[in-house]
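**Student:** Now for the letters of each chain:
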Amino acid sequence: MAAGLFFYCFSAYPLASEIITGRTSNAAAEALQWTMESILPPQAGLSINGLIYQYTITKDPDTDAWVTIQNENANGDGYVLSYTDDWSQLPGNTLSRFLSFGDIPSASMGDGSIFVTGDGTLSDVNVGYNFKFDTCIVPLSDPSCPGFKDALYKWLLDNGLLDNSVDINDPYYDQYVQEILNRKANAFDDEDEELIEPKEEREDKDSLEAKLSVNDRKMNIAEAAKQNAMLEVLRATPTEFNVYLNASIQGGVYEETVVLEDSTLPDNASVMSNLTQSTLHQTMVRSQYDLNQ
Amino acid sequence: MKKFLVIALAAFCGPAMAHEMSPTYVEFGPSYVDNVLKTDIEIFNRREDVNYYQIEVYDKDWKSISFVADTKIVNLKYLEKKTVDVYIKSNDKDRAVYVCTLSRFIKEDVTKTNVSSRICSKVK
Amino acid sequence: MFKKVLITMACLSAGTATYANPVIRGTVASKCSVYTTTQGVYGNPSPDVLSTAAADGGVQPIVRFDVAIGDYYYGKITYPTAFTSSPSLTSSAVAWTGDVDVSQVTVPAMSAYTNDVVTYDNTYQYDLTEAGSTWFKVSSEATYGVNQAFPAGSYVATVVAECIAK
Chain C
1 MAAGLFFYCF SAYPLASEII TGRTSNAAAE ALQWTMESIL PPQAGLSING LIYQYTITKD
61 PDTDAWVTIQ NENANGDGYV LSYTDDWSQL PGNTLSRFLS FGDIPSASMG DGSIFVTGDG
121 TLSDVNVGYN FKFDTCIVPL SDPSCPGFKD ALYKWLLDNG LLDNSVDIND PYYDQYVQEI
181 LNRKANAFDD EDEELIEPKE EREDKDSLEA KLSVNDRKMN IAEAAKQNAM LEVLRATPTE
241 FNVYLNASIQ GGVYEETVVL EDSTLPDNAS VMSNLTQSTL HQTMVRSQYD LNQ
Chain S
294 MKKFLVIALA AFCGPAMAHE MSPTYVEFGP SYVDNVLKTD IEIFNRREDV NYYQIEVYDK
354 DWKSISFVAD TKIVNLKYLE KKTVDVYIKS NDKDRAVYVC TLSRFIKEDV TKTNVSSRIC
414 SKVK
Chain V
418 MFKKVLITMA CLSAGTATYA NPVIRGTVAS KCSVYTTTQG VYGNPSPDVL STAAADGGVQ
478 PIVRFDVAIG DYYYGKITYP TAFTSSPSLT SSAVAWTGDV DVSQVTVPAM SAYTNDVVTY
538 DNTYQYDLTE AGSTWFKVSS EATYGVNQAF PAGSYVATVV AECIAK
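Line by line, the protein sequences give chains C, S and V. Under our numbering, the residue at position 78 of the first sequence is numbered 78, and the numbers go up by one with no gaps. Under our numbering, the residue at position 119 of the second sequence is numbered 412, and the numbers go up by one with no gaps. Under our numbering, the residue at position 143 of the third sequence is numbered 560, and the numbers go up by one with no gaps.
I should point out that these hints are in silico values taken from the structure, not numbers from a laboratory. Computed from a prediction, not measured in an experiment: that's the story for all the values here. Watch out, some of these pointers could steer you wrong.
To be verified - List time: in silico DSSO-like cross-link candidates among lysine-lysine, alpha-carbon distance up to 27 Å: (1) S:353 <-> V:583; (2) S:386 <-> V:448; (3) S:356 <-> V:583; (4) V:554 <-> S:386; (5) V:583 <-> S:417; (6) S:356 <-> V:493; (7) V:493 <-> S:386; (8) V:448 <-> S:353; (9) S:382 <-> V:554; (10) S:417 <-> S:374; (11) V:583 <-> S:375; (12) S:375 <-> V:493; (13) S:365 <-> V:554; (14) S:365 <-> S:382; (15) S:415 <-> V:493.
To be verified - Some chain C residues near chain V, calculated using beta-carbon distances under 8 Å: (16) 87; (17) 179; (18) 232.
Glycine residues also receive a C-beta, built at the ideal position from the N, C-alpha and C atoms.
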């Protein structure tokens, strides 16, 4: 009973499945015969549940005539839909009619037609079909459709896009996953150990810097009396500065180690050739301005 | 061949305005007042252009018969349905043949040729 | 004992109150509805003529009768013979003509109403023998005197559509 109640509650609030209804345009706009593919939307799972038609028949009141509207059975012989209006011994007029019936799958609806048997002519014919379809008839069409996950899983399996080496139904599946996660967890731990040492060194420096920092004592520095008091304190703690005061630097003479030996320095021949070229160039340039030549 | 349910509807027409009244045959019965008979009629207004309906009672020659109702001119909003009690004298029971409702227009609202509708139920 | 009775009653009531089947009831009774499908408009093809004909620039009013069960009602349509409102006219100088005809049906047999119509004065009476909807178009024309022009202003006339129980 709890399961039934759960199912009822669950089914009372379906996920995003929507029934779309509509009506086709005039099937007889071009001719008195039509194909359903030309007027129905190309939706999967579409069904037809109503027919509206209107026509004007012109005839002699004293003659017999019948007007038939029908759709062939696309899956076999005969007709899935056929209705006849008897106009025998009646004057012509305009007729409007609406037929409502159970859902007929669109795949079963063959070619449609409307025609007169007997004496009479049709004009101003208007034929429309009422249809409906479920947007989630194919679960893969939308992630919000019920059954989408199962359908997606099946599609991935069918197309070989899933690794089947590990079976999720395997009782050891959870352990396998955990082993993979544990490997990654160990790698992170090693990196953390390398990072630890530099942090410790930084803490030593921070302690010396903290002692010398004046951030917390800015106001003290600004006031002369407090400055003097700070200097007195500094003088009273010679231990840190003794390192600098008592530092000895080894002195002595640093003899030259690099000696340049005297010798003849030849002229650079390439320089001479460059100079020659430079002279020639200058002569050529000047010749432009020598108007007498 | 499938069975069809034929529904007569104004499938190819635009919005239509309707006046409805029921039942088709009314029956006068005793009321709480001596020598006064009562019947009730239901009026449904589907005319956006009409808000008032006048109740009438006629004999077979279409002559008016005196009657009493909660109000002789019923105010009905669009898509409103109302049941009205109609009282006649016992003496007029055999004379009364039709109980009718007639749509009435407010003079200022009449701007173009319109259709006045009357529906009559027959007394059993 | 009383405790046992109480427990039994509680079980019974719990057992019977688990679900309810709401029932929708309805009856099909003879009924007539009068619809105004199209309001009429007078065209003014010449100064002395007002007409609802489409060729004259007018619009024919169309009335629809819906009958739930056939052969319970008469449908009566009366075309106008006077203006409901108009500028000041010499009423006796206005000549009225009109016509009512079946314009659309939902059952072929209704087209025979045209043959079986009873006319008197300016009223057309139809025996609504078939269940379904029947549309009636009304034509109306008013001519003012002899070559007299209608004064400028608004002209309104009323078509009366009646559904009378048999």
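**Student:** A separate judgement is required for each hint: does it hold in the structure or not?
**Tutor:** Checked hints:
1. S:353 <-> V:583: Roughly 11 Å separates the two Cα atoms, so the pair holds.
2. S:386 <-> V:448: It holds: about 23 Å lies between the C-alpha atoms, which stays within 27 Å.
3. S:356 <-> V:583: 17 Å, holds
4. V:554 <-> S:386: Violated: residue 554 (chain V) and residue 386 (chain S) sit about 37 Å apart, past 27 Å.
5. V:583 <-> S:417: 11 Å, holds
6. S:356 <-> V:493: 17 Å, holds
7. V:493 <-> S:386: Distance of about 25 Å is within 27 Å: holds.
8. V:448 <-> S:353: Holds, because 21 Å separates the two Cα atoms, which is no more than 27 Å.
9. S:382 <-> V:554: The hint is violated at about 40 Å.
10. S:417 <-> S:374: 23 Å, holds
11. V:583 <-> S:375: Satisfied, since the Cα-Cα distance of roughly 24 Å is no more than 27 Å.
12. S:375 <-> V:493: 25 Å, holds
13. S:365 <-> V:554: 31 Å, violated
14. S:365 <-> S:382: 16 Å, holds
15. S:415 <-> V:493: With a Cα-Cα distance of about 15 Å, the restraint between residue 415 (chain S) and residue 493 (chain V) holds, given a limit of 27 Å.
16. 87: The hint holds - residue 87 (chain C) has a Cβ within 8 Å of chain V, the shortest such distance being about 5 Å.
17. 179: Violated - the Cβ of residue 179 (chain C) stays beyond 8 Å from chain V, reaching only about 51 Å at its closest.
18. 232: Nearest chain V Cβ about 93 Å off; hint violated.
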